[in-house]
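Undergrad: The listed protein sequences correspond, in order, to chains A and B.
If you use full-length UniProt numbering, the first sequence corresponds to residues 1 to 427, in order.
If you use full-length UniProt numbering, the second sequence corresponds to residues 1 to 275, in order.
Just so you know, not all the hints are guaranteed correct.
Which residues of chain A face chain B? A partial, calculated answer using Cβ under 8 Å [what the hints assert, rightly or not]:
1. S29
2. D31
3. F69
4. K70
5. A84
6. S256
7. A263
8. A283
9. R317
FYI, nobody ran anything at the bench for these hints, they're computed from the structure.
Keep in mind that this is a model prediction, so the values were computed, not measured.
Just so you know, even glycine gets a beta-carbon here, dropped at the ideal spot from N, CA and C.
Below, each chain spelled out in residue letters.
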Amino acid sequence: MRRIALAAAAALLLSACGSGGGSAGQELSKDPVTIRFTWWGADERHKRTQQVIDVFQKKHPNITVKGEFKDWNGYWESLATTVAANDAPDVIQMDELYLASYAERGALLDLGTAAQHLKTADFDKTALDTGVVEGKQYGLPVGLSAYAIVANTDLLDQLKIKLPDDNTWTWEDLKKTGEEVSKAGGGKITGVQSFGFDAGGMNIWVRQQGAALFDEAGKVAVPESVLAGYWSYIKDLAKSGAAPAPSVTIERAGGSLDQSGTATNASVFATWWNTQLTSLTAASGQNLKLLRLPGESQASSPGAYFKPSMYWSVSSRSKHPAEAALFVDFLANSQEAADILLTDRGVPANKKIRATITPKLSETDKAAVEYLDALKIGTAPRVTPNGASSIEAIIKRHTEEVLFDRQTPEQAAKAFITELQAEIDGA
Amino acid sequence: MTNLRKAVKHAALLLLALVMLYPVLWMVVSSLRPNSEIFHRPGLILDSLQVQNYGEGWNALASPFGHYMANSAILVLACIIGNLVSCSMAAYAFARLDFTGKRLWFAIMLGTIMLPIHVIIVPQYILFSHLDWVNTFLPLVVPKFLATDAFFVFLMVQFIRGLPRELDEAARIDGCGHARIFVRIILPLMLPALATTVIFTFIWTWNDFFSQLIYLTDPEMYTVPVALRSFVDATVSTSWGSMFAMSVVSLLPVFLAFLVGQRYLIRGIATTGGK
Numbered sequence: 001m002r003r004i005a006l007a008a009a010a011a012l013l014l015s016a017c018g019s020g021g022g023s024a025g026q027e028l029s030k031d032p033v034t035i036r037f038t039w040w041g042a043d044e045r046h047k048r049t050q051q052v053i054d055v056f057q058k059k060h061p062n063i064t065v066k067g068e069f070k071d072w073n074g075y076w077e078s079l080a081t082t083v084a085a086n087d088a089p090d091v092i093q094m095d096e097l098y099l100a101s102y103a104e105r106g107a108l109l110d111l112g113t114a115a116q117h118l119k120t121a122d123f124d125k126t127a128l129d130t131g132v133v134e135g136k137q138y139g140l141p142v143g144l145s146a147y148a149i150v151a152n153t154d155l156l157d158q159l160k161i162k163l164p165d166d167n168t169w170t171w172e173d174l175k176k177t178g179e180e181v182s183k184a185g186g187g188k189i190t191g192v193q194s195f196g197f198d199a200g201g202m203n204i205w206v207r208q209q210g211a212a213l214f215d216e217a218g219k220v221a222v223p224e225s226v227l228a229g230y231w232s233y234i235k236d237l238a239k240s241g242a243a244p245a246p247s248v249t250i251e252r253a254g255g256s257l258d259q260s261g262t263a264t265n266a267s268v269f270a271t272w273w274n275t276q277l278t279s280l281t282a283a284s285g286q287n288l289k290l291l292r293l294p295g296e297s298q299a300s301s302p303g304a305y306f307k308p309s310m311y312w313s314v315s316s317r318s319k320h321p322a323e324a325a326l327f328v329d330f331l332a333n334s335q336e337a338a339d340i341l342l343t344d345r346g347v348p349a350n351k352k353i354r355a356t357i358t359p360k361l362s363e364t365d366k367a368a369v370e371y372l373d374a375l376k377i378g379t380a381p382r383v384t385p386n387g388a389s390s391i392e393a394i395i396k397r398h399t400e401e402v403l404f405d406r407q408t409p410e411q412a413a414k415a416f417i418t419e420l421q422a423e424i425d426g427a
Numbered sequence: 001m002t003n004l005r006k007a008v009k010h011a012a013l014l015l016l017a018l019v020m021l022y023p024v025l026w027m028v029v030s031s032l033r034p035n036s037e038i039f040h041r042p043g044l045i046l047d048s049l050q051v052q053n054y055g056e057g058w059n060a061l062a063s064p065f066g067h068y069m070a071n072s073a074i075l076v077l078a079c080i081i082g083n084l085v086s087c088s089m090a091a092y093a094f095a096r097l098d099f100t101g102k103r104l105w106f107a108i109m110l111g112t113i114m115l116p117i118h119v120i121i122v123p124q125y126i127l128f129s130h131l132d133w134v135n136t137f138l139p140l141v142v143p144k145f146l147a148t149d150a151f152f153v154f155l156m157v158q159f160i161r162g163l164p165r166e167l168d169e170a171a172r173i174d175g176c177g178h179a180r181i182f183v184r185i186i187l188p189l190m191l192p193a194l195a196t197t198v199i200f201t202f203i204w205t206w207n208d209f210f211s212q213l214i215y216l217t218d219p220e221m222y223t224v225p226v227a228l229r230s231f232v233d234a235t236v237s238t239s240w241g242s243m244f245a246m247s248v249v250s251l252l253p254v255f256l257a258f259l260v261g262q263r264y265l266i267r268g269i270a271t272t273g274g275k
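The shape of chain A in the complex, shown without the other chains (with noise of 0.2 Å):
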């Protein structure tokens, strides 16, 4: 809530400022320059960051590059406020959600008129486009990841289940082995950690029958029986025992990663982002394997899309645009700055880059690389449109009510368009 409020100042200070100006093609300056960089994460990124930021200031001894890390949440409140009070950061890590809103309201740099400073070469185009809004590169794509489920190989044989085959298998299989994990697991493990909480999910569901969450214009034009049939599937998996119960789970889903069943070992398989197998098995310390997601070999186009990590943009009213580009460039294409990088912020979408750090990987971020090549994808869903930004709040809202009974599938699809078509219409 404070964050939509905080945003809706933004975006009325931003209109009365007028759209942004600046460009990148400028000379860079002889002269000592100061340029800001935020972004979000926890301690092992602003180490590594931070180190990159001292490669960086060697490199070009004029430009003092000053970080400003936050957390997830406290970083979009404060970006909002410094955006809206015009003192915003020269170059900011960007998140699919919000890079259409800000983009759209004028606050980030077209990279495009920075293209002197900032090469892309080594970049696909779907990777790129993936940045794109109005037809302006608002972000360049830091790192891709996939969604994916997460499967338990350890506790599968303990409970001597087979793995099914990812290539073939179906949601109906996802639900059948999750009852047989339950039934065998005795209450203590489940069989699927329930989803229904991310916009990932719902995206995959939703491309897998041949629709879209948004259409080109940046309407809702997923049709209803579509989310209907997700929210059954959700409330069937905690019926059938296959999913933990509601309380459990929505207990859960406003947890961390290191809370989440696949963390805590209780249940077997669970949709994430690929790149997060890094994280999860650290925290649960069993072997987990990546398994490509159910429905995909019975779908007419895949569901499966690369989704950028975060994406890099600089601020449309920075003094600075050359320094900030020169220095993005430098995060994105310099093999010092990946080396020490790595996979923290996602496999990088950078194609040569990616090639020369897979061999310095730990195994698990070689699973998520090799998981990425060989995915077959669709195209790039669109980016999610202004003000659509609080839809997992939305989706996880109506989870909640279908876990609980208070609402029918149905009645859960037709609200949750109403309301993300209302917050789209307001922005």
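With chain A held as given, fit chain B onto it using these hints.
TA: Relative to chain A, chain B alone:
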């Protein structure tokens, strides 16, 4: 018989206290556990003592954690001084002076308590950014010197109203002006209210996250709550052990402040009720 009843009562109370304290105890225990065990075990029993969380947590961020503690300490001290000086003077004016529109101003002042910070943060930020105060402690401290913490003004007004006016009048007959009445008569008598203000300002400023997050952008300027949040990220695994260890460390000053001050705290609150 009475002994038995006493024993039962105490046992029940102890049990209840344990329930209330469980989250804090769990945090302390978790700070002594390896990261991988923290969410696997809800219990309070420790197999081994792992103190390295403290060392790792202390050095996990850009500066040692003591740096953030020092920042918080400076901030808290300045805020306490600001609130003591400004709120007591404002309260004296509301309680003892007559001026035009006093009731209206008082109502407006109380109204500011009800404004959520998110409503005023953007205009405030713009103001402070024009003054070039962002990334300094000024936006967090200067308002305290302008009696903007209406809660404390209200608390002190109520307290001063409870003091007999005859004291003021006697002082006036002896030739005191308002300044002297305030310093010599009222201030010494309102010690409990001042102590309450000190303790609450301390705890609230020490724990305040949002405004410190917004105004302090450079990690060098971070305070304890902002630094603690830098450990947590929902999308990757978090060094919970380090975070809990530093949470314990940052809890100590608040705990001590409360331990020392709770006598005054209760007296200050008990005597400010509208009698």
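Undergrad: Of the numbered hints stated earlier in the document, which are not met by this structure?
TA: Per hint list: 1, 2, 9 violated.
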